[in-house]
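Enquirer: Line by line, the protein sequences give chains F and Z. With this note's numbering, you'll find the first sequence wraps up at 512, consecutive numbering, no jumps. With this note's numbering, you'll find the second sequence wraps up at 237, consecutive numbering, no jumps.
FYI, nobody ran anything at the bench for these hints, they're computed from the structure. Worth double-checking, as some hints may not be accurate.
Straight-line C-alpha distance at most 20 Å; calculated SDA-like pairs for lysine to any residue [said to hold, decoys possible]:
{"id": "1", "chain 1": "F", "residue 1": "Lys307", "chain 2": "F", "residue 2": "Pro464"}
{"id": "2", "chain 1": "F", "residue 1": "Lys440", "chain 2": "F", "residue 2": "Ala392"}
{"id": "3", "chain 1": "F", "residue 1": "Lys373", "chain 2": "Z", "residue 2": "His23"}
{"id": "4", "chain 1": "F", "residue 1": "Lys440", "chain 2": "Z", "residue 2": "Thr75"}
{"id": "5", "chain 1": "Z", "residue 1": "Lys149", "chain 2": "F", "residue 2": "Gln330"}
{"id": "6", "chain 1": "F", "residue 1": "Lys307", "chain 2": "F", "residue 2": "Asp341"}
{"id": "7", "chain 1": "F", "residue 1": "Lys373", "chain 2": "Z", "residue 2": "Asp74"}
{"id": "8", "chain 1": "F", "residue 1": "Lys440", "chain 2": "Z", "residue 2": "Ser97"}
{"id": "9", "chain 1": "F", "residue 1": "Lys441", "chain 2": "Z", "residue 2": "Thr158"}
{"id": "10", "chain 1": "Z", "residue 1": "Lys149", "chain 2": "F", "residue 2": "Pro464"}
{"id": "11", "chain 1": "Z", "residue 1": "Lys88", "chain 2": "F", "residue 2": "Pro427"}
{"id": "12", "chain 1": "F", "residue 1": "Lys440", "chain 2": "Z", "residue 2": "Arg186"}
{"id": "13", "chain 1": "F", "residue 1": "Lys373", "chain 2": "Z", "residue 2": "Arg186"}
{"id": "14", "chain 1": "F", "residue 1": "Lys373", "chain 2": "Z", "residue 2": "Thr158"}
{"id": "15", "chain 1": "Z", "residue 1": "Lys149", "chain 2": "F", "residue 2": "Ala428"}
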Amino acid sequence: MNPDRPTMDAERRPLGKSPLDKHDIAARIARDIPHGAFVNLGIGQPTLVADHLSADSGVVLHTENGMLNMGPAAQGDAIDPDLTNAGKIPVTELPGAAYFHHADSFAMMRGGHLDVCVLGAFQVSADGDLANWHTGAPDAIPAVGGAMDLAIGAKKVFVMMTLFTKTGAPKLVPQCTYPLTGTGCVDRVYTDLAVFDLTPQGVVVRETFGATIDDLAGRLDLPLLPA
Amino acid sequence: MTVKLCAHADEAVAGIKDGSTVLVGGFGMAGMPVELIDALIRQGATDLTVVSNNAGNGDTGLAALLAKGRVRKVVCSFPRQSDSYVFDGLYRAGRIELEVVPQGSLAERMRAAGAGIGAFFCPTGAGTLLAEGKETRVIDGRTYVLEYPIRGDVALIGAHRADRMGNLVYRKTARNFGPVMATAATTVIAQVREVVDTGVLDPESVVTPSIYVDRVVQEATA
Numbered sequence: 286m287n288p289d290r291p292t293m294d295a296e297r298r299p300l301g302k303s304p305l306d307k308h309d310i311a312a313r314i315a316r317d318i319p320h321g322a323f324v325n326l327g328i329g330q331p332t333l334v335a336d337h338l339s340a341d342s343g344v345v346l347h348t349e350n351g352m353l354n355m356g357p358a359a360q361g362d363a364i365d366p367d368l369t370n371a372g373k374i375p376v377t378e379l380p381g382a383a384y385f386h387h388a389d390s391f392a393m394m395r396g397g398h399l400d401v402c403v404l405g406a407f408q409v410s411a412d413g414d415l416a417n418w419h420t421g422a423p424d425a426i427p428a429v430g431g432a433m434d435l436a437i438g439a440k441k442v443f444v445m446m447t448l449f450t451k452t453g454a455p456k457l458v459p460q461c462t463y464p465l466t467g468t469g470c471v472d473r474v475y476t477d478l479a480v481f482d483l484t485p486q487g488v489v490v491r492e493t494f495g496a497t498i499d500d501l502a503g504r505l506d507l508p509l510l511p512a
Numbered sequence: 016m017t018v019k020l021c022a023h024a025d026e027a028v029a030g031i032k033d034g035s036t037v038l039v040g041g042f043g044m045a046g047m048p049v050e051l052i053d054a055l056i057r058q059g060a061t062d063l064t065v066v067s068n069n070a071g072n073g074d075t076g077l078a079a080l081l082a083k084g085r086v087r088k089v090v091c092s093f094p095r096q097s098d099s100y101v102f103d104g105l106y107r108a109g110r111i112e113l114e115v116v117p118q119g120s121l122a123e124r125m126r127a128a129g130a131g132i133g134a135f136f137c138p139t140g141a142g143t144l145l146a147e148g149k150e151t152r153v154i155d156g157r158t159y160v161l162e163y164p165i166r167g168d169v170a171l172i173g174a175h176r177a178d179r180m181g182n183l184v185y186r187k188t189a190r191n192f193g194p195v196m197a198t199a200a201t202t203v204i205a206q207v208r209e210v211v212d213t214g215v216l217d218p219e220s221v222v223t224p225s226i227y228v229d230r231v232v233q234e235a236t237a
């Protein structure tokens with residue numbers, strides 16, 4: 286947004302009360318997905334992006350357990366135990382769907398054939414490192430699934446997350462403190478308060494929602510550049 | 016070797032030795048060869064290394080094998096799930112080893128085993144905990160991790176149909192790891208919903224050719 290916009294008093298206007306909920310963020314991401322793109326939506330909130338893709342978007346959804354042109358979640362009689370998404374939720378197939386085995390599915394990913402993937406995150410660093418698989422807590426059972434393959438494989442990696450944790454800690458950080466999923470792999474971060482491009486020049490604020498760049502700069506420990 | 020058509024899952028899993036590495040197909044319950052796993056529990060082999068995407072769900076299938084204490088080590092991409100309490104309990108009690116492998120690397124390491132590849136450089140996981148201690152190489156400016164094949168003594172897979180020669184077809188996303196695991200183990204055992212006469216399957220649509228398959232059993236509950 287306009288960097289010359291007057292700044293708000295951070296005391297009177299606490300951040301974290303965003304006008305955007307997860308459905309709004311999903312809709313915002315859906316608008317940026319190019320027509321006809323091959324897209325993988327990560328487990329959890331990124332799945333919501335599918336609800337906001339228009340019927341004529343031409344977007345083909347990939348699910349890493351081995352399918353292209355996945356349809357919406359299956360209901361009632363359409364539930365088929367042989368047809369699930371990566372979150373093991375029953376789904377449907379659209380005309381033009383294709384099935385393939387796991388090695389092919391991940392070769393497709395690693396080989397740079399997917400245009401976009403959308404992933405959740407614990408933390409993203411200014412230079413595009415992603416942490417989304419493991420908290421590193423001593424009693425945590427590590428589980429990675431396809432997160433590392435997706436992070437380094439898709440042509441564009443979008444992250445969907447809140448900008449702050451529930452306790453107010455920034456999730457866009459100078460350096461990740463959680464174990465990494467991939468290095469230098471994130472292109473753009475969609476949050477409830479702003480959209481950021483991670484560029485070689487630095488973190489560029491593309492758009493803000495109910496906050497100014499100065500508001501955000503006061504809460505994040507990294508320099509922000511206007512778009 | 017021609018395929019052996021087994022009348023019962025117990026016959027299909029006969030001879031699996033203690034200490035074997037067992038590749039187990041399926042992604043969640045889709046493609047999970049539950050009857051073969053139940054037969055393996057009855058068969059009694061122990062000290063097993065199990066390679067599978069997950070580490071069991073609920074109390075059946077792989078979770079039941081784990082609960083019997085037959086598994087020494089699990090190699091998988093995603094052990095922790097809402098219903099993986101059997102594995103979680105064993106792991107927290109220090110009674111099972113875990114090797115976490117990124118899902119694509121898990122598939123590719125088995126593909127490499129089946130394709131005679133000695134090792135391969137893979138970008139997945141570079142710069143992360145899962146690459147610690149592994150050899151890396153920079154190729155065209157990108158860092159790759161050296162990954163070695165995963166070979167099974169036995170593969171237990173689920174498929175949709177087999178013909179009497181052992182050609183297999185799968186159904187929808189239940190295909191998942193089956194075709195790769197079928198290439199990567201010394202003895203490949205397939206549980207199918209239906210065995211059809213040779214010549215019935217369209218050769219153009221066969222996914223796992225019979226050369227990879229050693230034993231086939233039709234599901235009792237099919």
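Enquirer: Okay, which hints does this one fail, numbers in order?
Expert: Violated hints: 1, 3, 4, 5, 6, 8, 12, 14; rest satisfied.
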